[in-house]
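Enquirer: What follows is each chain in one-letter form.
Protein chains: 2
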Amino acid sequence: MAERATLEELVRLQGERVRGLKQQKASAEQIEEEVAKLLKLKAQLGPDEGKQKFVLKTPKGTRDYSPRQMAIREKVFDVIISCFKRHGAEVIDTPVFELKETLTGKYGEDSKLIYDLKDQGGELLSLRYDLTVPFARYLAMNKLTNIKRYHIAKVYRRDNPAMTRGRYREFYQCDFDIAGQFDPMIPDAECLKIMCEILSSLQIGDFLVKVNDRRILDGMFAICGVPDSKFRTICSSVDKLDKVSWEEVKNEMVGEKGLTPEVADHIGDYVQQHGGVSLVEQLLQDPKLSQNKQALEGLEDLKLLFEYLTLFGIADKISFDLSLARGLDYYTGVIYEAVLLQTPVRPGEEPLGVGSVAAGGRYDGLVGMFDPKGRKVPCVGLSIGVERIFSIVEQRLEAELLYKKNPKLLNQLQYCEEAGIPLVAIIGEQELKDGVIKLRSVASREEVDVRREDLVEEIKRRTSPALCIC
Amino acid sequence: MAERATLEELVRLQGERVRGLKQQKASAEQIEEEVAKLLKLKAQLGPDEGKQKFVLKTPKGTRDYSPRQMAIREKVFDVIISCFKRHGAEVIDTPVFELKETLTGKYGEDSKLIYDLKDQGGELLSLRYDLTVPFARYLAMNKLTNIKRYHIAKVYRRDNPAMTRGRYREFYQCDFDIAGQFDPMIPDAECLKIMCEILSSLQIGDFLVKVNDRRILDGMFAICGVPDSKFRTICSSVDKLDKVSWEEVKNEMVGEKGLTPEVADHIGDYVQQHGGVSLVEQLLQDPKLSQNKQALEGLEDLKLLFEYLTLFGIADKISFDLSLARGLDYYTGVIYEAVLLQTPVRPGEEPLGVGSVAAGGRYDGLVGMFDPKGRKVPCVGLSIGVERIFSIVEQRLEAELLYKKNPKLLNQLQYCEEAGIPLVAIIGEQELKDGVIKLRSVASREEVDVRREDLVEEIKRRTSPALCIC
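Chains as they are written, first to last, in full-length UniProt numbering: chain A, 1 to 470; chain B, 1 to 470.
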């Protein structure tokens, strides 16, 4: 404290000296030098406690990755990349920002979430919002009409995210896309196959992939009597059905977006349906829907898609869901979204979706928007949203400390049962004497003694091999 | 063309219809619907050739990475990461942007090159300028006083880069830093060792690491009579000596920065010196410099550093260079910069530095600028600038096509000699008959027949094993 007081006195004196010089109208250079001395003294003094002005944090919606979190990130990426490569994709990378006009008119209502850079002279730039639009720009720029590529990088959205649920303003996307003209529905089926392979390999629990088609939605809107100009905004309303009830969505359609209650109810009859290929066949018999050219094309393509999905052995993971709409403007055909399922609370209840972890679809018009001659390159792709997956894996791997002074073994075991912790390593006096560790399976309550040197291997063997952090 | 003409006519008619409705003061909804139809027709019409408004490019100073370039990038990263890990570093990651105030006051004259984000409400943000300041912020935020970490990520500078020489506005840095209190010069020596290991492994040619110390520079400025307030700006002038002549630097010091010619010449006598540990010892005998407390500390530390560098077997790669100043404000002690050497044109000439590929130094005050109580954490680190390395590797790996209709073999071999291509694979009539390929070493002019199935292995064996792209 004495040293600080002396320094403070020096700063005061030097400050007086500078003021004195200014009153004497000393040379600018002299004053400049004395001010520099003052600033130097102030720097030595260091920031005053309680006077700290700046906030020590990362920007809202972002986070650092610690070495431990990086280990999880790398393991998850390894699983994803090896699947992308197995399916023949090459990797590319693009800049983190694009010309602002490259992103303009591609994202519909979500465009307001784009981060713009400050105009500091030169080009107007925006941070990339996804990896799909930069990919389309890349294809047009390099005149590519045929490529399978993957791209893993951060994207940016000025959203108000619930970070506890693994949503951020800066987050990774892992994208796989197929560009080129191929036989119908084969690339689309491969994208769904890749999604299922990755979600299975990651062992993050049961999942379901909802599938729909923009043409079916548009056809449905048309026969229900929605004006053309309202297709996209009604699409956004429908897209909320995974979060809110039909009543709320209907209120929005009628109250905010000006549909009549009859038109809304008509839409409601459709969008509340979901099922397998039998629902596709049922709708192909729907006298009104099957008369609409767009809807008919969509339904016939979905029927073909289900044939491939059955051949690929993943049809049981897929649900044709008429409420799936997806927010982005650029989709033109099949769309899909994978959700993790929560184990039902009561037996007999349907599993509850707890959030999207992957999504994608067909966008046949996007490359043409960049090509100087409007040449189209059909594309279909998928994006894995890994932040939520990181959260799940992180929680699963977390070792916990019980905040009790004298925790009884029985209480600890009970806590493990409640928290879903699979294995307990017990070290008591007897175990210490024998040089072993008692490993208890919480579910089966079976216990075995394991030699200390074998413990790591034994735990590895019993837990996820794909995601074990060594 | 007929189809386009019909569409154009439809667009015109629909436009008239909309104008008509507006004159009739039709309902807003009716007009909205008709406008939507008009826009849809215009979209079908597609962009008009020659009327293309937007530019199809990446932002200035940025580039995409093709799959081929990604392969080079991954191989280079592999070499770097395995060295960082071998030296015990953990990996972290931080967001691409920071609060603007986190970057303020850390970069001196270079601060004008920081990219700011547009104020769209909420926090003021800037793209990271390097990985060092985010690392210091991370240490202070997590109250870490001891860590070896590496971080590989893109940083952003609004520079006017010469992209052909591997300089960009968006570019990768590969950083390794040691935070914590250790015995003097040991972490500093390890950083230099890592730099040398990586540059040797990458096999991109001969290199030299220039070393200096901020305290020697400051002490030298003081005894030459530079006012305190001008230390940093004169430092920037000195830093240009690797690009321009001493005369030009002197002109800047006198003409722009207000030194007297005598003071400038005095500086000139010092900064034009470079050498090994003997120059350190010579300056320790310099009557004026050794009387300056800062300079003396710096010189004694450099002497100790050279002892460790000799033990590490890299002293011959290091040059004590009094002209090395480094632009950034936050360095407090040893600084260094690695340059690639061009083979001299005439025998006996000194090798010419062709550009910095790695740099770093000690910054003991930076973490304290973030800590609420000003607690200091000594740090030293290095940064590998990989973009230039990518360029060199890319050039080296490029297979070339000779633009001649009937190229004679002798001309081709001569071209290889001139261009420094190491191997030639020759397939003539005889080789085709025998099922072999003649492999010729351009330097030694030796030729051997290699079986077709062994060719890839043989080329791999003869070229860089660390960087072979399969």
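One thing to keep in mind: the hints can contain errors.
Identical chains blur together in the list; that is why a pair holds if it fits in one copy or across any two.
Think about it this way: if two alpha-carbon atoms lie no more than 20 Å apart in a straight line, the pair counts; the simulated EDC-like pairs of lysine to aspartate or glutamate are [what the hints assert, rightly or not]:
1) 57 with 101
2) 148 with 74
3) 288 with 457
4) 288 with 364
5) 60 with 457
6) 373 with 78
7) 230 with 159
8) 118 with 170
9) 60 with 429
10) 154 with 130
11) 154 with 170
12) 257 with 269
13) 60 with 116
14) 154 with 110
15) 154 with 74
16) 230 with 446
Calculated directly from the structure, the hints in this document are not laboratory data.
Enquirer: Confirm or reject each hint.
Expert: We went through each hint and held it up to the structure:
no., hint, in the structure
1, 57 with 101, "between (32 Å within a copy, 11 Å between copies)"
2, 148 with 74, "between (23 Å within a copy, 19 Å between copies)"
3, 288 with 457, "neither (62 Å within a copy, 65 Å between copies)"
4, 288 with 364, "neither (26 Å within a copy, 75 Å between copies)"
5, 60 with 457, "neither (41 Å within a copy, 52 Å between copies)"
6, 373 with 78, "neither (39 Å within a copy, 41 Å between copies)"
7, 230 with 159, "neither (24 Å within a copy, 45 Å between copies)"
8, 118 with 170, "both (18 Å within a copy, 16 Å between copies)"
9, 60 with 429, "neither (49 Å within a copy, 68 Å between copies)"
10, 154 with 130, "both (8 Å within a copy, 18 Å between copies)"
11, 154 with 170, "both (6 Å within a copy, 14 Å between copies)"
12, 257 with 269, "within (18 Å within a copy, 78 Å between copies)"
13, 60 with 116, "both (16 Å within a copy, 16 Å between copies)"
14, 154 with 110, "within (17 Å within a copy, 26 Å between copies)"
15, 154 with 74, "both (14 Å within a copy, 18 Å between copies)"
16, 230 with 446, "neither (61 Å within a copy, 75 Å between copies)"
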